[in-house]
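My request is simple: use the sequences and hints to build the entire structure.
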Amino acid sequence: MKREYLGFNSDIRLANENSIIKEIKCGLDYSLALNYKGEVYSWGANTKGYLGLGNYNDQYKLNQVEFPKESSDSLNYKKP
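For the sequence shown, counting from 1, position 23 maps to 23 in the numbering used here; every step adds exactly one.
Bear in mind the hints are in silico, worked out from the structure with no lab data behind them.
Please note: incorrect hints may appear among the correct ones.
[Said to hold, decoys possible] Simulated restraints, written as ranges between beta carbons of each label pair:
(1) Ile20 <-> Thr47: 29 to 35 Å
(2) Gly54 <-> Leu34: 15 to 21 Å
(3) Pro68 <-> Lys48: 16 to 22 Å
(4) Ile21 <-> Tyr60: 16 to 22 Å
(5) Lys69 <-> Asp29: 27 to 33 Å
(6) Leu34 <-> Lys69: 15 to 21 Å
(7) Lys69 <-> Cys26: 25 to 31 Å
(8) Leu28 <-> Leu62: 17 to 23 Å
(9) Cys26 <-> Phe67: 18 to 24 Å
(10) Tyr56 <-> Ile20: 28 to 34 Å
(11) Ala45 <-> Lys69: 25 to 31 Å
(12) Lys61 <-> Ile20: 17 to 23 Å
C-beta: ideal position from N, C-alpha, C; glycine also.
Structure representation (structure tokens):
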């Protein structure tokens, strides 16, 4: 997949070259990509933690967002 930024073409490459991007969403200065496996990648400015990486460091390459694993307790939770 190619994207154009300020007139320059660049490839979007994931850490896993077999991943195909399904959707990309962009904020003012950060972006998120979803592949067909359901994996989410983020990059860009992270001053407010929008990248979901557990830090506030700007990211200049794609980083996979890790989601918490569901526990059996959360699956059995019922509202009071």
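| query | Okay, alanine 45 versus lysine 69 on CB: inside 25 to 31 Å? | reply | At 28 Å between Cβs, range holds.
| Range agreement (Cβ of lysine 69 with Cβ of leucine 34, hint 15 to 21 Å) | holds, 19 Å
| message | Assuming the hint says 15 to 21 Å, is it satisfied by the Cβ distance from glycine 54 to leucine 34 or not? | response | Since the Cβ atoms of glycine 54 and leucine 34 sit about 19 Å apart, the hinted range of 15 to 21 Å holds.
| Pairwise beta carbon distance, lysine 69 to cysteine 26, judged against the given window 25 to 31 Å | Given range 25 to 31 Å: holds, Cβ gap about 28 Å.
| query | At the C-beta level, are tyrosine 56 and isoleucine 20 separated by a distance inside 28 to 34 Å? | reply | holds, 30 Å
| message | If I claimed the Cβ atoms of cysteine 26 and phenylalanine 67 lie 18 to 24 Å apart, would that claim hold in this structure? | response | holds, 21 Å
| said: Quick check: does the Cβ-Cβ distance between lysine 69 and aspartate 29 fall within 27 to 33 Å? | reply: Between lysine 69 and aspartate 29, where Cβ atoms are some 30 Å apart, the hint holds.
| field | isoleucine 20 versus threonine 47 beta-carbon gap, inside 29 to 35 Å or not | value | holds, 30 Å
| task | For the range 17 to 23 Å, tell me whether the beta carbons of lysine 61 and isoleucine 20 fit it or not. | result | holds, 18 Å
| request: Note whether the CB distance of isoleucine 21 and tyrosine 60 lies within 16 to 22 Å or breaks it. | output: The hinted range 16 to 22 Å holds for isoleucine 21 and tyrosine 60, with Cβ atoms some 18 Å apart.
| message | Does the beta carbon distance between leucine 28 and leucine 62 stay inside 17 to 23 Å, or does it fall outside? | response | 18 Å Cβ-Cβ, so the 17 to 23 Å window holds.
| field | proline 68 paired with lysine 48, Cβ distance criterion 16 to 22 Å | value | Given about 20 Å between the Cβ atoms, the range holds.
Going down the numbered hints, you'll see the structure goes against none, and every one checks out.
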